[in-house]
Each structure stands twice: as structure tokens, then as C-alpha cells.
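Colleague: Those letters in the sequence shown? Residues 175 to 327, by the numbering used here.
It cannot be assumed that every hint is accurate.
Label-pair ranges, simulated between beta-carbon atoms [what the hints assert, rightly or not]:
no.	residue 1	residue 2	range
1	283	187	14 to 22 Å
2	277	204	19 to 27 Å
3	313	177	28 to 36 Å
With a Cα cut of at most 25 Å, we get these calculated BS3-like pairs of lysine-lysine [stated by the list, open to error]:
no.	residue 1	residue 2
4	221	301
5	301	267
6	180	261
7	301	261
To be clear, the hints were calculated from the coordinates, so they are not data collected in a lab.
Glycine residues also receive a C-beta, built at the ideal position from the N, C-alpha and C atoms.
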Amino acid sequence: MTTPEKRIADLGLTLPEVVAPLAAYVPVVRTGDYVYTSGQLPMVGGKLAVTGKVGAEVSAEEAAAQARICALNALAAVKSVVGDLSKVVRIVKVVAFVASAPGFTGQPQVANGASELLGEILGDAGKHARSAVGVAVLPLDAPVEVELIAEVR
Numbered sequence: 175m176t177t178p179e180k181r182i183a184d185l186g187l188t189l190p191e192v193v194a195p196l197a198a199y200v201p202v203v204r205t206g207d208y209v210y211t212s213g214q215l216p217m218v219g220g221k222l223a224v225t226g227k228v229g230a231e232v233s234a235e236e237a238a239a240q241a242r243i244c245a246l247n248a249l250a251a252v253k254s255v256v257g258d259l260s261k262v263v264r265i266v267k268v269v270a271f272v273a274s275a276p277g278f279t280g281q282p283q284v285a286n287g288a289s290e291l292l293g294e295i296l297g298d299a300g301k302h303a304r305s306a307v308g309v310a311v312l313p314l315d316a317p318v319e320v321e322l323i324a325e326v327r
């Protein structure tokens with residue numbers, strides 16, 4: 175059986191270190207059989223590669239690619255408390271926040287970046303309920319932020 179970590183490597187990706195919190199919170203909490211991540215920005219090496227509003231400075235396609243990074247960061251947070259992504263029974267819920275220019279309505283397509291990556295890595299366990307929410311601004315002027323809830327064993 176192929177592990178989620180192997181699928182990540184097969185996609186040419188690396189599970190990053192857990193992104194340090196920007197304020198007074200922790201990046202991930204496990205309670206019972208559930209893991210809740212804090213909102214994950216598309217940080218790579220401690221920096222945002224892209225900033226701005228989606229539909230203005232950032233295209234929907236660029237933002238979807240950034241949402242993939244957010245999902246990878248969220249999986250790193252999950253792994254930090256469960257030790258092995260094979261312990262993920264299911265991604266229960268994903269919430270994607272999209273910093274949206276006025277009139278931009280493509281939040282679901284941006285969120286697909288995260289959703290599709292979770293499916294590629296976790297298969298059926300990556301299928302989840304989801305909200306894609308347009309917001310005025312996100313921390314550090316990030317174009318997208320993703321949080322998730324995972325059921326684990």
C-alpha cells in the first residue's frame with residue numbers, strides 16, 4: 175500500500191516544517207479522534223511567494239496553486255500531532271478563505287487547489303465537506319488561507 179507520504183514524494187512535493195504561529199495560538203490541536211488546524215497561509219521557507227487580492231493582483235489559477243501550498247502546510251501540522259499521515263481516517267472539513275477583489279466570485283475554484291491536493295494525497299480519505307469564503311484581507315496580505323479538520327485513528 176502506498177502511504178500518503180509516498181504520494182507526496184511522488185507528486186514532487188516535500189512536507190514542510192510546521193509554520194510557526196503569527197500570534198497567540200497553536201498551529202494544530204488534537205482532541206480525541208479529531209485534529210483541527212489553525213488557518214494555514216501559503217508559506218514556503220517562512221515567506222509568501224504571492225500577495226494581494228484574488229481577481230486583482232493574483233489570478234484565480236495562481237491562488238489555487240497557493241491553496242495547494244496551504245493544504246500541504248495543513249497536512250504537515252496534522253502529521254506533527256499524529257506522527258504518520260496513514261493515521262488520517264478522513265479529512266472531514268476544509269475551509270478556504272480567499273482575499274477577494276470586489277466582484278470576484280471564483281472562491282470555489284481557488285479552494286479546489288487545496289481540495290484536489292488532499293484527494294491526490296489521501297484518496298477517498300481526502301474527500302471532505304468544504305466552505306470557500308471571500309474575505310477583504312488576510313494576514314500578511316496572503317491571497318488564501320486554509321484550515322481543516324481531520325478524523326484520525
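Colleague: Holds or violated: residue 301 with residue 267, Cα cutoff 25 Å?
Modeller: 9 Å, holds
Colleague: Hint says 19 to 27 Å; check whether the CB-CB distance for residue 277 and residue 204 agrees.
Modeller: 40 Å, violated
Colleague: Run the distance test for residue 301 versus residue 261: straight-line Cα separation, threshold 25 Å.
Modeller: Between residue 301 and residue 261 the Cα gap is close to 15 Å, so the pair holds against 25 Å.
Colleague: Hint says 28 to 36 Å; check whether the CB-CB distance for residue 313 and residue 177 agrees.
Modeller: 32 Å, holds
Colleague: For the pair supplied as a hint, residue 180 and residue 261, confirm whether the alpha-carbon distance does not exceed 25 Å.
Modeller: 14 Å, holds
Colleague: For the pair supplied as a hint, residue 221 and residue 301, confirm whether the alpha-carbon distance does not exceed 25 Å.
Modeller: 29 Å, violated
Colleague: With respect to the beta-carbon atoms only, verify the hint that residue 283 and residue 187 lie 14 to 22 Å apart.
Modeller: At 21 Å between Cβs, range holds.
This entry does not satisfy hints 2 and 4, going by the numbered hints stated previously.
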